[in-house]
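I would like the entire structure built from these sequences, with the hints used as guidance.
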Amino acid sequence: MRSTAAAYLLWLLTFIGVAGLHRFYCGRVISGIIWLLTWGLFGLGTLIDLFLIPTMVSEANLREQVNSGR
Numbered sequence: 069m070r071s072t073a074a075a076y077l078l079w080l081l082t083f084i085g086v087a088g089l090h091r092f093y094c095g096r097v098i099s100g101i102i103w104l105l106t107w108g109l110f111g112l113g114t115l116i117d118l119f120l121i122p123t124m125v126s127e128a129n130l131r132e133q134v135n136s137g138r
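Counting from 1 along the sequence shown, just add 68 to a position and that's the residue number in the numbering used here.
Calculated from the structure, these hints are not laboratory results.
Some clues are possibly wrong.
Said to hold, decoys possible - The calculated label-pair distances, taken between Cβ atoms and stated as ranges, are:
#: 1; residue 1: Ile84; residue 2: Gln133; range: 27 to 35 Å
#: 2; residue 1: Val134; residue 2: Phe83; range: 30 to 38 Å
#: 3; residue 1: Leu77; residue 2: Ile102; range: 18 to 26 Å
#: 4; residue 1: Ile84; residue 2: Val134; range: 32 to 40 Å
#: 5; residue 1: Gly137; residue 2: Leu80; range: 31 to 39 Å
#: 6; residue 1: Gln133; residue 2: Gly111; range: 31 to 39 Å
#: 7; residue 1: Gly137; residue 2: Leu112; range: 34 to 42 Å
By construction, the Cβ of each residue, glycine as well, lies at the ideal position given by its N, Cα and C atoms.
Okay, structure coming up:
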């Protein structure tokens, strides 16, 4: 199970120059690479993610539950 608090801590690393780790944590590898290379879509995507993180974590946990049931 992924934690929203951990995702927010990874999101905070954006401000020391490493953007997108919260997206890797939530299983969004492609967008994580884009965030890493563009500093979170030039900062705008990073600010939007502030509000999207709870949804990303919930979706990642749901995918994990579905995949573990197979």
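Results for each hint:
Judged by the Cβ atoms, the range 27 to 35 Å given for Ile84 and Gln133 holds: they are separated by roughly 33 Å. The given range of 30 to 38 Å is respected by Val134 and Phe83, whose C-beta atoms sit roughly 34 Å from each other. For Leu77 paired with Ile102, a C-beta distance near 21 Å keeps the hint of 18 to 26 Å intact. A C-beta distance of roughly 35 Å is found between Ile84 and Val134, which places it inside the suggested range of 32 to 40 Å.
Take Gly137 and Leu80: their Cβ atoms lie about 33 Å apart, and the range 31 to 39 Å holds. Range check, Gln133 to Gly111: about 33 Å between beta-carbon atoms, so the 31 to 39 Å window is met. For Gly137 and Leu112, the hinted distance range of 34 to 42 Å is satisfied, since their beta carbons lie about 37 Å from each other.
The structure meets every hint from the earlier list without exception.
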